[in-house]
Amino acid sequence: MNAFRDIFLTGLLLGGIFALVSVGLSLQYGVARVLNVAHGEFIMVGAFITFWMLGSINLNPLVSLVITGPAVFIMGLILHKTLFRRLMDTSPSLDVFEGKSMLASFGLLYVVQNLARIIWGSDVEGYNFLNSTVTAAQIPLNRLVALGFVIVLGVAFYLFLARTRLGKAIRASAQSPTTAELMGVNIHNVLAICFGLGLGLAGIAGSLLSTLFAIQTSIGLGYTVIAMVVVVLGGLGSITGAMIGGVILGLVSSTVTFFQPSLTMIAYYVIFIVLLLSRPKGIMGK
Amino acid sequence: MLEIDGLSASYGKVQVLWDVSLRVDEGEFVALVGANGAGKTTLLNAVSGVMRPGSGSIAFMGNKVDGFAPNQIVDLGLSHIPESRQVFTDMSVRENLEMGAYPIRAWKSRRNTMKRVFELFPRLEERAGQLARSLSGGEQQMLAMGRGLMSLPKMCMIDEPSNGLAPLVVRDIFRVLKSLHEEGITVLLVEQNVRQTLAVADRAYVLENGHNVLEGPCCDLAQSEHVRKAYLGQ
Chain W
1 MNAFRDIFLT GLLLGGIFAL VSVGLSLQYG VARVLNVAHG EFIMVGAFIT FWMLGSINLN
61 PLVSLVITGP AVFIMGLILH KTLFRRLMDT SPSLDVFEGK SMLASFGLLY VVQNLARIIW
121 GSDVEGYNFL NSTVTAAQIP LNRLVALGFV IVLGVAFYLF LARTRLGKAI RASAQSPTTA
181 ELMGVNIHNV LAICFGLGLG LAGIAGSLLS TLFAIQTSIG LGYTVIAMVV VVLGGLGSIT
241 GAMIGGVILG LVSSTVTFFQ PSLTMIAYYV IFIVLLLSRP KGIMGK
Chain Y
287 MLEIDGLSAS YGKVQVLWDV SLRVDEGEFV ALVGANGAGK TTLLNAVSGV MRPGSGSIAF
347 MGNKVDGFAP NQIVDLGLSH IPESRQVFTD MSVRENLEMG AYPIRAWKSR RNTMKRVFEL
407 FPRLEERAGQ LARSLSGGEQ QMLAMGRGLM SLPKMCMIDE PSNGLAPLVV RDIFRVLKSL
467 HEEGITVLLV EQNVRQTLAV ADRAYVLENG HNVLEGPCCD LAQSEHVRKA YLGQ
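Keeping their order, the protein sequence lines are chains W and Y.
Per our numbering: the first sequence = residues 1 to 286.
Per our numbering: the second sequence = residues 287 to 520.
One chain only, chain W, in its complex shape:
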């Protein structure tokens, strides 16, 4: 019974983090049309900024969320304005742009990862944070706190998309950029904001992950793969789909890891391939 509860809670927590990361990728690909292979690198950047600020100025990791999120968001805005916007302007069609953006983000992956390696080295790092257990339930406190944060962030982000003027503009631009422009939306700003928000979510997820697991400058690509599986699972470009898909994959991950940790990655790929063959449009796809 306890084992079942642990699998479920861990799955929910992982799922929530996967959902954050995947919603980020979905914004970048579904709206800004950048297939960002370097997405996971910004999780690593968020994790290391948090780790570094804890070590240097003893900043509480939960407080550093407030810094990593916006910092990585601004990196995203700058990247979009300097790199991806230019690629878009020089591409004859969106399909060409998608291809070019993927190649460019491959380059970005290596640049970010190697810069991080120069700054932080390639060792496994980690720290202890709230890892006392809640006595009655025997669940580490940091997991519960992270789960709480993920839920709050998820709800806040959902409300942002559903209720605000900018959130609506993002959803409209995801459906039809040209029509959104006719409504008065400055499409290039919205695309840059989507790219930045996507990266910001990855940065925040990185901060949270660093409170739970050991980190290393090479962790990024694994999360990029997870996010891609989730985005396909949920349906390309669907934000709700990415949220649902993230939670499903988190539950799969914790279940498989409980029985046989070495099979977790394989389970992701099996799901990915089965989905591509059986339901290529995903859960919420059209």
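Heads up, a few of these hints could be off.
Below, simulated DSS-like cross-link-like pairs (lysine-lysine); rule was C-alpha separation at most 30 Å, straight line [said to hold, decoys possible]:
| id | chain 1 | residue 1 | chain 2 | residue 2 |
| --- | --- | --- | --- | --- |
| 1 | Y | K350 | Y | K394 |
| 2 | W | K81 | Y | K464 |
| 3 | Y | K440 | Y | K401 |
| 4 | W | K81 | W | K100 |
| 5 | Y | K464 | Y | K440 |
| 6 | W | K100 | Y | K299 |
Chain Y side only, calculated, beta carbon under 8 Å to chain W, not exhaustive [to be verified]:
| id | residue |
| --- | --- |
| 7 | V336 |
| 8 | H366 |
| 9 | Q372 |
| 10 | D376 |
| 11 | E384 |
It is worth saying that the hints were derived from the structure and are not from the lab.
Yeah, the Cβ is synthetic: ideal placement off N, Cα and C, and Gly gets one too.
Mind docking chain Y on chain W? Use the hints.
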């Protein structure tokens, strides 16, 4: 109000518009008619900034606007209601209307504007909470027009509102167009439904293969030999 002079435009190597000129005065109801592929939609896209014209000039309320981004054109008060409706299918009717009020100056008064739009299209109010995808073709066209009014435009360019709709619905659409114009909005209507268009507009331009061929008051055009043969089947 809108002055287009010597406009040429191409998609890649295919030239679609050749030296087209057109003028719409404030308060006028002007129609642009012509067959499929004559370049009517391209002309509207060039005006609203969706595509860049090759040469020629476009002025709106005395300001040169060619090369402006679409959001700048909307901000100036020129609303383009696009071909085949293009409603945001995954958003509710109300959210679609809110998107129409995206420019800041319109956003602030969106609730009042929406009330006016609901008076014009009572069906939209009944369906305000529904997803736009669940509307019929006629209702989607009404939504597209209502959405285009939400930015509080001085002038509307409406692209083929009657396309694909049943005759009874088309009659409704034309009635609404007329009342829009009576409310003081300048209208440039693009249509293939020449008979009904000439009945509601003040003046019309005929576009063929990307060239201006005829222009004049609608009553004169309706009598012209060419228009009667080519467009009215007489």
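Each hint, compared with the structure:
1. Between the alpha carbons of Y/K350 and Y/K394 the distance comes to roughly 27 Å, so the proposed pair stays at or under 30 Å and holds.
2. Of the pairs offered as hints, the one joining W/K81 and Y/K464 is violated, with about 44 Å between alpha carbons and a cut-off of 30 Å exceeded.
3. About 18 Å separates the Cα atoms of Y/K440 and Y/K401, which keeps this hinted pair within 30 Å; it holds.
4. Only pairs whose Cα atoms come within 30 Å are accepted, and W/K81 paired with W/K100 is accepted, the gap being roughly 15 Å.
5. Of the supplied pair hints, the one linking Y/K464 and Y/K440 holds, its CA atoms being roughly 15 Å apart against a limit of 30 Å.
6. Straight-line distance between C-alpha atoms of W/K100 and Y/K299 comes to about 24 Å, which keeps the hinted pair within the 30 Å bound.
7. A least Cβ separation of about 6 Å between Y/V336 and chain W falls short of the 8 Å threshold, and the interface hint therefore holds.
8. Below 8 Å, beta-carbon pairs count as interface contacts, and Y/H366 has one with chain W at about 5 Å; its hint therefore holds.
9. At its closest, the beta carbon of Y/Q372 sits 4 Å from a beta carbon of chain W; the interface hint therefore holds under the 8 Å criterion.
10. Taken as an interface hint, Y/D376 checks out: its beta carbon lies about 6 Å from the nearest beta carbon of chain W, inside 8 Å.
11. The interface hint given for Y/E384 is met, as the beta carbon of that residue sits about 6 Å from the closest beta carbon of chain W, less than 8 Å.
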